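Enquirer: These are the residues of each chain, in order.
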Amino acid sequence: MKFTEEHEWLRVEDDLIVVGITEHASAQLGDIVFIELPEEGTTVSKDDEIVVIESVKAASDILAPIDGEIVEVNEALVDEPSKVNDDPIGDGWFFKIKPSDPSQMDDYMSEEQYMKLIG
Amino acid sequence: MTDELKRTPFYNTHVANGAKMVPFAGYDMPVQYPSGVMKEHLQTREKAGLFDVSHMGQVILRGQSYQDAAVALERLIPMDVQGLAEGRQRYGFFTNDQGGILDDLMFANRGDHIFMVVNAACKEADIDHLRDNLEPDIHVKVLENRALLALQGPSSESVLAEHYPPITDMQFMDVETIPIAGAECWVSRSGYTGEDGFELSIPLAAALDVAIALADHPDVEWIGLGARDSLRLEGGLCLYGHDIDETTTPIQAGLTWAIQKARRENGTRAGGFPGANVILGQMVSGVANTRVGLIPQTRAPMREGVELFATETDTAPIGYVTSGGFGPSVGSPVAMGYVPTEMSAPNTVLFGEVRGKRMPVQVSRLPHVPARFKR
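Here the protein sequences come in this chain order: B and F. Its first residue numbered 328, the first sequence is counted upward by one per residue in our numbering. Its first residue numbered 576, the second sequence is counted upward by one per residue in our numbering.
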């Protein structure tokens, strides 16, 4: 698993990358009450704002970590956004992306490096 | 903010309880505790929540008598202060010459003086306003030696009854001096959550003892500003600087109920407060826009500043959201805002623009959650 400075985790699943936010990020956001996901089939570029998360406190964006095509989104989050608080690295995943340039993954942190970042 | 943040007497208690502290009106205040806004909100509606509101201003107005002070205060607020019985409290607001609201407040008849609680962000301006406009023989005293706690929720009465059994005799908006943990507390049966509850003004020396005595009860948890905001939003209560300000009149804000008969047209002491011509005029001729409840029809919250449109395609906004977010007790987004009077009927469907998209939102009655005051 790889991690971004935006507190996303990226897990390789065959030729796809599954993306979600870390436990640290979900704790910082507080109770999540609304999630807007991208459409399946959308082509995205790295750093596009593709997910909106609203907690009781505020709205925040999740950026596309890499270039590629969104092949699947976690529709269950629309009705149950609290899954992101309850199980951020499991049931709380956001989308699966098919990378157009898998080497972009090399830029991201290992778990050890990420743990160091959040202290 | 370059000035150093002030701390309430409970600062260390909040930190020890794991609160996340944020700057608010010049104070370092707890926005939430580890359980989070949602659980804190529901705790208050189901059992009881303890709120540190010591940042708010506590002020005493004293003249030759209560009546003397009341006559003076009536020149600045459109409330019936003279007619308020001893041991009772009322909601009110300072108005300006344009009929706008300078601050909202609570005031009580405590026998020989008026006790007021004003908003933290406005307290210095309010005190200057009182001192500049009241006769020199009306003494304005700011109480720096008392803390303020609010205990809110259905268990509040039984929690306080363990310290003072006759508290059960108090009704909504009653005020009384009551001993708790050995301290003389000025207690009102009121609050700003829509729940039954109490506000306690406590001598500084005893503040921590009283807080511990209350917080130690199994039904009581500390609650931060985050849940205070969602509770008052569901309760349809105005937050000064957001839902009401110097540009909104009490009539537009739907606060006509707070202006008693004596101060209205044909009342025994009609007018005589700043902006009376505007405010009393609007009571007769109506207003162009007014505050309403709003229920977004999708799961996307509509927060302060969201513009409202009559249709999905109109280019000119007709109104705006002044407070909005997720209502934990309602289980969906709730908001309030200003719309043209002709579009203010409940169930009218408008559109709010969120991140460039028009989403349907329905006008509703306030409050979003029925009040549970003990009347």
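It is worth saying that the hints were derived from the structure and are not from the lab. Some clues are possibly wrong.
Claimed, not checked - Each computed BS3-like pair below joins lysine-lysine, with the alpha-carbon atoms no more than 25 Å apart:
1) B:K384 x F:K595
2) B:K384 x F:K581
3) B:K410 x B:K329
4) F:K595 x F:K622
5) B:K425 x B:K410
6) F:K614 x F:K595
7) B:K443 x B:K425
8) B:K329 x B:K373
9) B:K373 x B:K425
10) F:K716 x B:K384
11) B:K423 x B:K329
12) B:K410 x F:K949
13) F:K836 x F:K949
14) B:K329 x B:K425
15) B:K373 x F:K836
16) F:K622 x F:K949
17) F:K949 x B:K384
18) F:K932 x F:K949
19) F:K622 x B:K384
20) B:K410 x F:K595
21) B:K443 x B:K329
22) F:K716 x F:K581
23) B:K384 x B:K425
24) B:K443 x F:K595
25) B:K410 x B:K384
Given the structure is predicted, the values throughout are model-derived calculations rather than measurements.
Enquirer: Each hint: holds or not?
Expert: Verification of the supplied hints:
1. B:K384 x F:K595: It holds: about 13 Å lies between the C-alpha atoms, which stays within 25 Å.
2. B:K384 x F:K581: Roughly 23 Å separates the two Cα atoms, so the pair holds.
3. B:K410 x B:K329: 21 Å, holds
4. F:K595 x F:K622: Distance ~22 Å between F:K595 and F:K622 Cα, so the pair holds.
5. B:K425 x B:K410: 24 Å, holds
6. F:K614 x F:K595: 15 Å, holds
7. B:K443 x B:K425: Roughly 29 Å separates the two Cα atoms, so the pair is violated.
8. B:K329 x B:K373: 15 Å, holds
9. B:K373 x B:K425: At roughly 12 Å apart (the allowed maximum being 25 Å), B:K425 and B:K373 satisfy the hint.
10. F:K716 x B:K384: 36 Å, violated
11. B:K423 x B:K329: It holds: about 14 Å lies between the C-alpha atoms, which stays within 25 Å.
12. B:K410 x F:K949: Since the Cα atoms of B:K410 and F:K949 sit roughly 38 Å apart, the hinted pair is violated (cutoff 25 Å).
13. F:K836 x F:K949: Roughly 23 Å separates the two Cα atoms, so the pair holds.
14. B:K329 x B:K425: Roughly 16 Å separates the two Cα atoms, so the pair holds.
15. B:K373 x F:K836: 64 Å, violated
16. F:K622 x F:K949: 15 Å, holds
17. F:K949 x B:K384: Given that 25 Å is the threshold and the Cα spacing comes to 31 Å, the pair is violated.
18. F:K932 x F:K949: The hint is violated at about 43 Å.
19. F:K622 x B:K384: 23 Å, holds
20. B:K410 x F:K595: It holds: about 23 Å lies between the C-alpha atoms, which stays within 25 Å.
21. B:K443 x B:K329: 13 Å, holds
22. F:K716 x F:K581: 20 Å, holds
23. B:K384 x B:K425: 32 Å, violated
24. B:K443 x F:K595: Given that 25 Å is the threshold and the Cα spacing comes to 22 Å, the pair holds.
25. B:K410 x B:K384: The hint holds at about 17 Å.
In summary, the numbered hints that this structure violates are 7, 10, 12, 15, 17, 18 and 23.
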